[in-house]
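Respectively, the protein sequence lines represent chains B and W.
So for the first sequence, the working numbering puts the first residue at 1; every next one is plus one.
So for the second sequence, the working numbering puts the first residue at 310; every next one is plus one.
Treat the hints as calculated values from the structure; they're not laboratory data.
Given the structure is predicted, the values throughout are model-derived calculations rather than measurements.
It cannot be assumed that every hint is accurate.
[What the hints assert, rightly or not] Covered stretches of chain W (in silico footprint by chain B; criterion: 3 or more residues with CB under 8 Å from a CB of chain B, positions within the stretch not fixed): (1) 344–354; (2) 510–521; (3) 547–558.
Built from N, CA and C at the ideal position, the CB exists for glycine as well.
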Amino acid sequence: MHDVMYFLQQLINGLTVGSAYALIAIGYTMVYGIIGMINFAHGEIYMIGAYVSLIVITGLAVTSPAWIPLVLLVALICAIIVSSSMGWAVERIAYRPVRGQHRLIPLISAIGMSIFLQNYVHLAQGSRNIGFPLLIEGGISLGGGEDGTFQANLSYMQLTIFIVTLICMTGLSLFISRSKTGRACRAVSQDLKMSSLLGIDTNRIITATFVIGASLAAVAGLLLGMYYGSIDPLFGFIAGLKAFTAAVLGGIGSIPGAMLGGLVLGVAESFTSGYLSSEYKDVVSFGLLILILLFRPTGLLGKPEVEKI
Amino acid sequence: MKTKLNKLVVGVGASLAVMAAGTANADIKIGIAGPMTGPVAQYGDMQFSGARMAIEQINANGGVMGEKLVAVEQDDVCDPKQAVTVANNMVNDGVRFVVGHLCSSSTQPASDIYEDEGVLMITPASTSPAITDRGYELVFRTIGLDSMQGPVAGNYIASLKPQRVAVIHDKQQYGEGIASAVKSTLEDDGINVVMYEGITAGQKDFSSLVTKLKQANVDFVYYGGYHPELGLILRQAQQAGLDAQFMGPEGVGNKDINTIAGDAAEGLLVTLPPSFDQKAENQKLVKAFQDKGEDPSGPFVLTSYAAVQLIADGIEKADSKDPYEVAAALREGTFDTPIGEVQYDQSGDLKSFDFVVYKWHSDGSKTPVK
Chain B
1 MHDVMYFLQQ LINGLTVGSA YALIAIGYTM VYGIIGMINF AHGEIYMIGA YVSLIVITGL
61 AVTSPAWIPL VLLVALICAI IVSSSMGWAV ERIAYRPVRG QHRLIPLISA IGMSIFLQNY
121 VHLAQGSRNI GFPLLIEGGI SLGGGEDGTF QANLSYMQLT IFIVTLICMT GLSLFISRSK
181 TGRACRAVSQ DLKMSSLLGI DTNRIITATF VIGASLAAVA GLLLGMYYGS IDPLFGFIAG
241 LKAFTAAVLG GIGSIPGAML GGLVLGVAES FTSGYLSSEY KDVVSFGLLI LILLFRPTGL
301 LGKPEVEKI
Chain W
310 MKTKLNKLVV GVGASLAVMA AGTANADIKI GIAGPMTGPV AQYGDMQFSG ARMAIEQINA
370 NGGVMGEKLV AVEQDDVCDP KQAVTVANNM VNDGVRFVVG HLCSSSTQPA SDIYEDEGVL
430 MITPASTSPA ITDRGYELVF RTIGLDSMQG PVAGNYIASL KPQRVAVIHD KQQYGEGIAS
490 AVKSTLEDDG INVVMYEGIT AGQKDFSSLV TKLKQANVDF VYYGGYHPEL GLILRQAQQA
550 GLDAQFMGPE GVGNKDINTI AGDAAEGLLV TLPPSFDQKA ENQKLVKAFQ DKGEDPSGPF
610 VLTSYAAVQL IADGIEKADS KDPYEVAAAL REGTFDTPIG EVQYDQSGDL KSFDFVVYKW
670 HSDGSKTPVK
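Kindly generate the complete structure, drawing on both the sequences and the hints.
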């Protein structure tokens, strides 16, 4: 019983972080799926989302002690608005002018954007770790705890992360499969030139992709910032790297792949820390990536890329 | 063509003469190298504030050998790579005396350059024993060593008689060094260390680690590292309901841990250099800091002040601005500084330095427990 509870707790820890990775990974995978480039500035968009929500939460807490769910909702909306406009601007400024050129050029442009945004936040907000208030406290016991045995807990914060991720993922899947823009997205990802010939405004679709990815990253920024407890200008870089790994693990270009990749990565990290040692956490997650790429180069759910003529 | 060349020679000669004259009347440059930005910049603030004050006061009292001290400040972001660049810049700027660096992992590579280039260096904060155990002639410090701090922490933990202790570190030179010193002291004292594990600095998710600590039923956790990680561990441990006493070295003892951990920081034990600002003979100096609107209570403010003062006193004593002669003077003499009477041994370490155990509070204040 004791070990089962411990296992359960580590599983919950892993799934929590994994769902947030999945939210960020969507941004990488959608952009890759459509224009075949890796948006390295995506981690920074996530970081900016976290900063904006922290600023809004602190601002609201100072001006009026409002109802917490409302504060969170306002913070979330502001973060989404700022991050998605950032996503839009980044695409306009750094990617559109170099689109269609050699693959390396947009990549370098993306890295430049990432460095720019990181340093911008450095200058604007300072480089120190800023504490993020925990607004969702408490949790439910899942069992154990008798005679000093291990007690597994699901905190309301973790529950919130699961629920919000689930809502976002369902919303996104419905959007991609049902809506007109979603259908256009799928068409563009299959063949950009052809869909443009058939009258789809591909520029608009590409912009939409960036905006959707950035909004999900902003959601992850708010959730993870609060769950971890502190943010700094560099934390987008590390999270971005992990989410990128998750996207590749699941099969870059595939949306269900990004979700699965995020969860697998989160759980792998948590079990490594829990059963082996925290020191091996990154070794195991990146080792896993290498193994999957060796045996399934397209990732867990990716389809082999057919050379387009 | 010939006249042109002549003109050129004359021009170069003239500017060389100007330069030579410049060095003859030059002020004494004191390099201050530490983190102005980055995650541990607040320690850098302490260092810069202490060193600037010392330079200001020494200049107000007529300088050193009739010359003024001039600060040359550089930001190493507490990054070993950046520290090497900073050290090279210092050498290129003609700096012969440096107060710094702050993080042990930065001081280590920088000290190689200073030693090779004949620059005297006094670190006000780096506690790693490895820095002074290489037989260098020009490397000093105004702080104790991990090998002194570890046993103080270890013996204090042993006196609390915890049943199951976990020792965690951030895999960096400073954190791991001190954690292993604490671990070996605890084992010598017969205390049960059930976990010894490293985390990655910069990491934010400690839920798995905290779950593991809870599972191992630890009642005491020692963390070797800096406050950004310990602050998060404290906060996530409180949320997970882990009931254990935490302790850390002076790298965690600053007010930023409170903004991260909130009330989870209450009761944290920290080994720190003694509060030099509480000493009666330093009250005039403390007042000078307060008049400038600065806080002299940080652990590295007065050690930095002392470092500048030791350089000045060493130059006076040696009656020379040659770093090697100053180093020899520092090893021979006894100096009266705000951190007490200073004597150096051959390796450049202080002959005595006490660490004190403090209890940290959620409002950022601290009270001594021993």
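Comparing the hints with the structure gives:
1. 344–354: Coverage by chain B holds here, the residue count being 5 at a Cβ distance below 8 Å.
2. 510–521: Per the Cβ count (9), the hint holds.
3. 547–558: holds (count 3)
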